[in-house]
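Spelled out from the first residue to the last, the chains are:
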Amino acid sequence: MTTSVEAGVEAPKPPAFIDIKPRRGQNGWLSQHVGTAALGGFLGYILGHWLGNFIGSSYPYIANSGQNSLAVLLALLFMVVGWLLGIGALNHPIAKILGREAKGEVEYTGWTRYFRYNLDHKVVGIQYVVGVLIFFFTGGLLAMAIRTELLNPTVHVFSADTYIKIVSEHGTIMMMMASSVVVGPLGNYFVPLMIGSRRMAFPRIEAFSLWTFIAGYFVIFSALAYGGFPTGWTGYAPLQTQAGPGMVSYLFGFAVISVGMMTAGFNLAVTIINYRAPGMTWSRVPVFVWSIIATAALLTLASPVLTAAGLFGLLDKTAQTSFYVTEHGGSSYLWQNLFWFFGHPEVYIMALPGFGIVGEIIPVFTRKPLFAYRIAAAGMIGVALLSFFVWQHHLFQSGIDPDMRPLFMLTTELISIPTGFIFLVGMGTLYRAKIRYEVPMLFCMAVYFNFLIGGISGVFLSDVPVNVTVHGGFFVLSHFHYTIMGGLIFAFFGGLYFWLPKMTGRTMNKKLGLWHFWTMFGFFNLTFFPMFIIGLLGQPRRVFSYARNLQTLNEFSSIAAFFLGASFLIFVANLMWSQFIAPEKAPANPWDSLGLEWQTATPIPHYNFERIPVIMTDPYHYSEVGAPALADFGNGPPVHASSAVAAAIEPEQ
Amino acid sequence: MSSTNTNPSQEHHLRRIVVIWVALSVVCDLLYWIFIGPHVPPGRMTSTATANQFDFNVLMVIALPVMIGVWEWLAFAALMWNSKRADMPESVGGPAAAGNRRTEVSWIVVTTVVVLFLAVYGTIELYSGAGSGSGEGPNPILQPAGAMKAETAALSGSGSWAPYTNAVLPVQVIAQQWKFTYRYPTFGGFESPYLILPVNTEIAFNVTSLDVIHSFWAYQLEVKADANPLQNNVAFTKTGQLGTFEVRCSELCGIWHGAMFNKGKVLSESAFMAWATSTESKNAANTKLLPPFAWSYVPDANGAAGGFYPDGNVTPYSPVEIYGSKQPS
Amino acid sequence: MSDAFKAADKIRISDTPEEREFELRAHIGAIWSGGRLFIGMYTFLLASLVFSYFYLRSSNNGILWRPNHVTAPTAYGWTIYTLTLLAASMAIFGQARLRRGNVSEWQAAIWVGVVAALFALFMQIWEFTAVPFYPGSSGYASTFIGYSVMNILTIFIVAYWLETTVARSHWLVKEFRGVEIQFSKHPSAQSFRANVASMTYFMGFVALSSTLLFAMFYLL
Ligand code: HEM
Ligand SMILES: [Cu+2]
Ligand SMILES: [Cu+2]
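Residue numbers (this note's numbering), protein chains in the order written: chain E, 1 to 653; chain Z, 1 to 329; chain Y, 1 to 220.
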């Protein structure tokens, strides 16, 4: 024990925060787990609802309306707090009031650890994988419902009311739950491994973000119990003000999710800045980590704006303020401004991790170094910065600040320069390589194929004259599906095929993987490409009926969409088969990657690296004779360079 | 991209790619321009439709070579640079493969030039098209000659329009859940459920809403402007062909948003004049009941936002009704 | 607790002194950069409110930005503002005492800050009963209610951070009898001081931002 402690003090305790001794956790059913969380959420819900009705009963305006938004809000608020209490997320914050230091991290074992407030980033990563897949598949089922309704312009499966609820839930679940959270699974699992760290900077905050997201999922879904919300995922204001209490679920859900996004990004950013292993300089950090730090910057800085926007909306609905009520001194443009000021960075939150995944996978299968590494990093940072300056391109036709349109047209088109860097990097890496077309590589190629269409259609949208034709129609719809689904979701699945062997120690079946890829890729394009044409022919978004002459195209798109949905069944089958039914043990480094995360044993030990590695070079020296060794895994590291920071805080020493 | 590759079939890849790319791009661009371009929506019914169609086609002609380039590159990767090919040599790593200053710089320069060109071009088109048919808010800075005068006159009730005078015709579009109606201020401010327009005339659309946000999208006219409550949103276009056109709402406005559409007509100038004057007199009694013509209308208690507070008081709801007995003194 | 540590010793992975030092440096750096990033986040949150204020003020829709120049109760405003400022400055001046080595003076200052913040929190909530306008009567009224809610959050964070830090100091002094937490190189003490530094920095931010918001809502 070498900790320096003043003489004369007997039996010093080991400092907890750098204590790497895993303690075996309590696995019993009486400790905290999802069961207690659900119970806490349930009790909280009841309590909040009662309280809201109690308060509301003394206001005849509320009591007589039959719609007590306050009760809904308090019920959901207490539900989230109860959930977090039940899972144990608040144990430490409460203990801190008594001055307690954090206990050392607990190593839970066995399958039950996945149902607990776990502080191991690898467990949280897996929890995130499952969460995101569930979010994504619920959103996907709703998409099937949408396409069923659009099979025919006049014969309706759903009522107009139900249809708009479905569309709104689909958009909200997909945007806020499935896509924003995509940094969660791979980011939380692999960032520490890639930077050579044994842990996250704030594992409690990391776990907090996960359980907050799950609570957010229930909150967003609770809207259906209150009659849904009719506004789409954008929640535009007078309609928002007009809507029933389902809108409260939407607004509060956004507030909850924004807290989850902030905390997730906060922990990732701080970890990347501070926990890079010795020698892991900024020019050696894997591109995936670059993409995550760019995303984390957006998550931390853009999400608070959503929190504020949601708070103002909730006050409008419960305290009768008039933030978004133009007639009462508010402004419906205020919501549009706040929403899109968050919303545009948000769409890059959904693009950047995809770029990072692709940049990480392609060198492995081309056996070539990543082409123009610096340009890749610059591209991600450039995209992240510029994304704060383009939000009004969503409002070209809104009548707001029309004189600013040339400026926003310029900034929007400028953002395609750093986005183009990502293409340069990919294309350069493919050049004259002997490429192995394994499943993850196919997904990466598909990302370039799809994102190209998505990106180019974005340039059309940013051109104000052309925007008159395409705004608010199926063209936009197709555009963002090509970028988000074609880009991010393809990259995510590619990433799963690539990294699951490390995460679970079991390889995915290649044959089923190929089937999944080709059906998903083919039917994705068959579903969404016709939507460009449908949009150009004049079909607005979010409509349950459309012009007769568009039926053939819509039918075509719908049928392709059903097959697209079916392609995910192949994925699920593959997942079940290769992970549970007939698992096949994966070698420690099946793709023969140079990445630091692959240089660990499978399964990865609790503290990742037996010794903190000393990094010697970047992880892309493929096919290079006499390439330097990646890292020194054996010896203790020299003291980290960040002592300058400590010196700044400790002037006396 | 220098490399020590010795395989002759690999040596020529770059040249082949370029040749194929140039050939394909030229062919596709020409085919597009000749066969598809003229049919691209929304057609050529108005000045803005024509101009924006041209704009779309220009973008497409630039976009096609970019897409062809990337796809061709991907196809090459899939077919030629494939480990399944027997003649494929091993990948070559090392610093030469990790970057190439000339390629990087030229990529950045080319993309920057294209992007700046597009931004400048778009701005020019927007200005020369007097706003290109898009909603420009209450005080449009881009407008056709004479529009300002016609608008001011229309509001004061002194505006007039006559066929073959090249006068600008102001029309008001009023959106509400879930229909559009139209008022013609130069004809006594009568209201019509149909949008009827004269041909060869600059139209100034004044779009507003009585409840939530809608968006006025006259598809063939190539006009799109959000309808905001309490605000006027102005868009211009000049009609050029006779015929019918469709009007749709393109901003989600509640349950029946999908059913919010109707049809309009462009008539000859004299036919329009005849329709307008006859409707004006036929509707005269109804017009008197309408609120006086204004750029926007304050909704009553049944509007989306409920009551109105003119001077700090709550009308038509009383404070007691809203806040109960707990209202602050 | 120490028994648990001993039992756990058997399954621990060994860590070298360098690794401990590395983890400690990373941990201190995380507190440092985390504190800064938190200020960044909070700035964006408050900036949304400031933006809304000036946006509604300049649009003045329905001439209802602020009819008759209604003002929130200034007596409450001054009280809350002064108390917040007191809490923040206690942290700032307290840190100077801590640097000189005077732990108990620092502790006293922070406790004063905690009490001030809690009182401010109470006043901020109580103020709702004294607001002389309806929440929806004007743009100003709405933003004022939004400001009040956000200020409740701010003051709560101030109180929580101050309280947990000073509580930690008491606990440390008790657990590590004889260790001078203001000077010691012991990791727990270093972590503690890093936290104090981040907290003080945040309090400076709170002092500035609440001055700005106070001026916007009560004086302007
Ligand atoms: C199985 C794949 C999917 C299909 C077939 C599908 C289909 C659709 C359709 C037809 C609509 C339009 C409804 C309308 O405006 O009339 C829609 C809306 C939307 N989709 Fe998807 N979608 C799929 C996956 C996704 C994914 C992966 C995302 C995002 C990650 C996503 C995000 C959205 C959003 C944001 C909207 C807009 C909702 C709104 O207007 O508020 N979708 N989707
Ligand atoms: Cu955007
Ligand atoms: Cu509509």
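These aren't lab readings, by the way, just hints derived from the structure by calculation. Treat the hints with care, since some could be wrong.
[As the list claims (entries may be wrong)] List of simulated lysine-lysine pairs, DSS-like, C-alpha gap at most 27 Å: (1) Z/K84 <-> Z/K179; (2) E/K434 <-> E/K122; (3) E/K510 <-> E/K585; (4) Z/K84 <-> Z/K265; (5) E/K96 <-> E/K585; (6) E/K510 <-> Z/K84; (7) E/K96 <-> Y/K174; (8) Z/K265 <-> Z/K179; (9) Z/K84 <-> E/K511; (10) Z/K84 <-> E/K434; (11) Z/K282 <-> Z/K265; (12) E/K511 <-> E/K434; (13) E/K510 <-> E/K434; (14) Y/K185 <-> E/K96; (15) Y/K185 <-> Y/K174.
Verification of the supplied hints:
For the hint linking Z/K84 to Z/K179, the alpha-carbon distance of about 61 Å lies beyond 27 Å, and the restraint is violated. The suggested pairing of E/K434 with E/K122 is violated, with an alpha-carbon distance near 33 Å, which exceeds 27 Å. Only pairs whose Cα atoms come within 27 Å are accepted, and E/K510 paired with E/K585 is accepted, the gap being roughly 14 Å. With a C-alpha separation of about 62 Å, the suggested pairing of Z/K84 with Z/K265 is violated against the 27 Å cut-off.
A C-alpha spacing of about 43 Å is found between E/K96 and E/K585, which places the hinted pair above 27 Å, so the restraint is violated. For the proposed pair E/K510 and Z/K84, the alpha carbon gap of about 17 Å is at most 27 Å, so the pair holds. Proximity of E/K96 to Y/K174 is assessed by CA-CA distance (about 15 Å); at most 27 Å being required, the pair is judged to hold. Only pairs whose Cα atoms come within 27 Å are accepted, and Z/K265 paired with Z/K179 is accepted, the gap being roughly 17 Å.
Taking the CA atoms of Z/K84 and E/K511, the gap is near 17 Å; set against the 27 Å cutoff, the hint holds. A threshold of 27 Å between alpha carbons decides the hint, and for Z/K84 with E/K434 the separation of about 8 Å falls inside it, so the pair holds. Between the alpha carbons of Z/K282 and Z/K265 the distance comes to roughly 20 Å, so the proposed pair stays at or under 27 Å and holds. The hinted pair formed by E/K511 and E/K434 meets the criterion: a straight-line CA distance of about 22 Å does not exceed 27 Å.
A hinted pair counts as satisfied when its Cα atoms are at most 27 Å apart, and E/K510 with E/K434 qualifies at roughly 20 Å. Using a Cα cut-off of 27 Å, the hinted pair Y/K185 and E/K96 holds, with the two alpha carbons roughly 22 Å apart. Restraint check: the Cα-Cα separation between Y/K185 and Y/K174 comes to about 17 Å, which is no more than 27 Å; the hinted pair holds.
Checked against the numbered hints given earlier, the structure breaks hints 1, 2, 4 and 5 and satisfies all the rest.
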